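Novice: For the record, the sequence lines run as chains Y and V. Residue numbering for the first sequence follows our numbering, beginning at 726 and increasing consecutively. Residue numbering for the second sequence follows our numbering, beginning at 855 and increasing consecutively.
Hints listed in this document are in silico derivations from the structure and should not be mistaken for laboratory results. Take these hints with a grain of salt, some might be off.
[What the hints assert, rightly or not] Simulated DEER-style distance windows between Cβ atoms:
#, chain 1, residue 1, chain 2, residue 2, range
1, Y, N970, V, L944, 30 to 36 Å
2, V, F968, Y, L1017, 46 to 52 Å
3, V, T994, Y, I774, 15 to 21 Å
4, Y, N971, V, S987, 51 to 57 Å
5, Y, L892, V, Q1093, 50 to 56 Å
6, V, L944, Y, V831, 41 to 47 Å
7, Y, N970, V, W927, 23 to 29 Å
8, Y, T890, V, Q1093, 53 to 59 Å
9, V, I995, Y, G886, 48 to 54 Å
10, V, T994, Y, D918, 34 to 40 Å
11, Y, S883, V, R1180, 42 to 48 Å
12, V, W927, Y, N971, 26 to 32 Å
13, V, G937, Y, K884, 22 to 28 Å
14, V, I995, Y, V831, 25 to 31 Å
[Said to hold, decoys possible] Facing chain Y, a subset of chain V residues (Cβ under 8 Å, in silico):
#, residue
15, Y924
16, G938
17, G1060
18, N1150
Please read all numbers here as calculations on a predicted model, not as lab measurements. For every residue, glycine included, the Cβ atom is placed at its ideal position computed from N, Cα and C.
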Amino acid sequence: MARIGSLPAGGPVAATRQTSARAVGRRSGWTLRGLVLLFLVLMLVYFVIPLFWLVVSATKTNDELFSTFGLWFAPDFHLLENLHDVFTYDDGIFVTWLTNSAYYAVVSALGASLIATLAGYTFAKLSFPGRELVFAIILGSIMVPNTALAIPTYLVLSKVGLVNTPLAIILPSLVTPFGVYLMRVYAEQALPDDLLDAARVDGASEWRIFWSIALRLLAPGFVTVLLLTFVGTWNNFFLPLVVTNNPAYYPLTVGLANWNQLSQTFSGSRILYTLVITGSLISVIPLMIGFLFLQRYWQSGLTFGSLRS
Amino acid sequence: MIPSRHMAKHSQTEAIQQAIEVQELAPPASGLPSALRRWRRWRQRAVIPYLFLLPFLLLFSFFILVPLLYALWTSFFVERLIGGTTFVGLQNYQEVLHDGNFWEGVRNVLLLLFTQVPLMLGLALVLALLLDSQIVRLKTIFRLGYFLPYAIPSVIGALLWGYLYSAHIGPFAQLAELLHWPPPPFLTAAGLLPSIANILTWQWTGYNMVILYAALQAIPPELYDAARVDGASGWEIAQRIKIPLIAPAIVLTVVFSIIGTLQLFNEPQIMTAIVPNLIQDHYTPNLYAYNLAFTNQQYNYAAAVSFGLGAVVFVFSYVFMLVTYRRGQR
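Using the sequences plus the hints, can you model the full thing?
Specialist: Below you can see the structure in the form of structure tokens.
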């Protein structure tokens, strides 16, 4: 993975031969390079422009959304007023949604990654009867459509009286079959059997081996599953939509979708446009910051899922 | 395919372990009664692993297995106003098979699967190869920029594009007006599916690109340095060396895309609020099941529709994996 970008490996000889080979096609190389760069920049514009629109629009009044060009700022800067509106509308329900999202995501991510790490470690490093069968069942469940689950999950939850509680969102989010798969693959690579056997010879209990040796070595995988589950729960829409109908328990996604629906149905309440737009911007910021700072982890996570398949 | 490889590896280690255990057992090293020893070994081999798995298996059973079995169970019944709930066997499934609404939804997601997914994955592959090649600088900026949409909840992504597509406040319509063109037909009957395809492409290309890029980065450069010295072009290296080497990662992105696309829900659900007259309640099978259950309270039939969709998902991912596996074997 640690590959030095532009330095050609293979020593100076290879390097000179390479440059001479390149010199032949230098002219065409430059135009090719220019075209590639142009393409990459255009793609960058495509991926970033909706976000730019979101930022610009969050600084506008409702009227300006309609009367000024969408991709540039209006003369007056209305962001602070919009933020104020978002946080105070309907007695500050947005703050509740924001806290709900954070709460659901943090608890689910911590719980799910701990459970998945323990399970992944067990599948990777302990052999026991039925291991591959149980693992195959868990893997197979990745293919189950989420409605096939969400509707009966709702029915099951309502039978035990958990609908419209935070647990209705958190408990199902603790189950990450993909996380177990990732941790199994990771544990197989990152944990040398000799180390575990040495600990066993020294008389450490299986739990102690996991808790004080394995968990530490599995930390990068743990963080990756943590991130994936955090993002998954923060972004989840379908499950909370199904298992809650009380706005006090909505996460941001369901709350904003609700505001959007209202803003489309009642033409009189157009103020909701700015609410939805500014609220969306706020909901996007935490994850973007997280992604920028924790790059290493999500990248390694997406990798080790694919390398060994 | 994935488990089979593990299985091969594990049965091997298991065999070795058993061999070791047999060796250890052969001379009675200590004076422990054999029953106690057997219990210890049994505890080591079965009890502790299952104890470790208990938290996961409990939650897995309660939130995946039980709901699945429960849904399967309910799908065999019909609820009538008069007469209550009655067992009807496979009748609901027969109905699904002849349900035009279901198949219309399936047609929509299959259309996306065969147009949007190849486009998106092709783009992701091209971007990953370009960022992996030596002709581009500032790779980090591009990579982060492309990945950014993945950090956005798909609901927010759909909302965002809903505004961008809008004939009133969308910048494209505004530009068109400036040029005295008619507004672009994003939110019309004909334009809707391409519009949704664009949202999906925008949201997921970067994610797939990162998977492919990471796989490319893991290739030891020695593998193609020789080819480069021999004068192979970047394109030849990509085609002959890099793409075959990252085939497992490509397969993974395809399988994820099959599963994700066939289960499409969020985008059409958000679009329903924006253009209610364009998106029927059965625009995708998932949306259909949701509306059957929560708008019409037809839980039994909704369960059957969900399993119908599950079967479609299974068939497509399974067939795809089988085909690629066969090809890999040759």
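Novice: Between I995 (chain V) and V831 (chain Y), is the Cβ distance one that fits in 25 to 31 Å?
Specialist: Roughly 30 Å apart at Cβ, these two residues keep to the hinted range, so it holds.
Novice: Assuming the hint says 22 to 28 Å, is it satisfied by the Cβ distance from G937 (chain V) to K884 (chain Y) or not?
Specialist: holds, 23 Å
Novice: Range hint 53 to 59 Å: satisfied by the CB atoms of T890 (chain Y) and Q1093 (chain V)?
Specialist: With Cβ atoms ~55 Å apart, the hint holds.
Novice: Is 26 to 32 Å respected by the C-beta to C-beta distance linking W927 (chain V) and N971 (chain Y)?
Specialist: holds, 28 Å
Novice: Could you see if the CB distance from N971 (chain Y) to S987 (chain V) stays within 51 to 57 Å?
Specialist: holds, 53 Å
Novice: Please test the hint of 50 to 56 Å on the beta carbon pair from L892 (chain Y) and Q1093 (chain V).
Specialist: holds, 52 Å
Novice: Determine whether the Cβ-Cβ distance between I995 (chain V) and G886 (chain Y) falls within the hinted range of 48 to 54 Å.
Specialist: holds, 51 Å
Novice: A range of 34 to 40 Å was offered for this pair. Does it hold for the Cβ distance of T994 (chain V) and D918 (chain Y)?
Specialist: holds, 37 Å
Novice: Is 15 to 21 Å respected by the C-beta to C-beta distance linking T994 (chain V) and I774 (chain Y)?
Specialist: The hinted range 15 to 21 Å holds for T994 (chain V) and I774 (chain Y), with Cβ atoms some 20 Å apart.
Novice: Please check whether F968 (chain V) and L1017 (chain Y) have a Cβ separation lying inside 46 to 52 Å.
Specialist: violated, 35 Å
Novice: Determine whether the Cβ-Cβ distance between N970 (chain Y) and W927 (chain V) falls within the hinted range of 23 to 29 Å.
Specialist: holds, 25 Å
Novice: Would you check whether G938 (chain V) satisfies its interface hint, that is, whether its CB is within less than 8 Å of any CB in chain Y?
Specialist: violated, 17 Å
Of the numbered hints given earlier, the model fails hints 2, 16, 18; all others are met.
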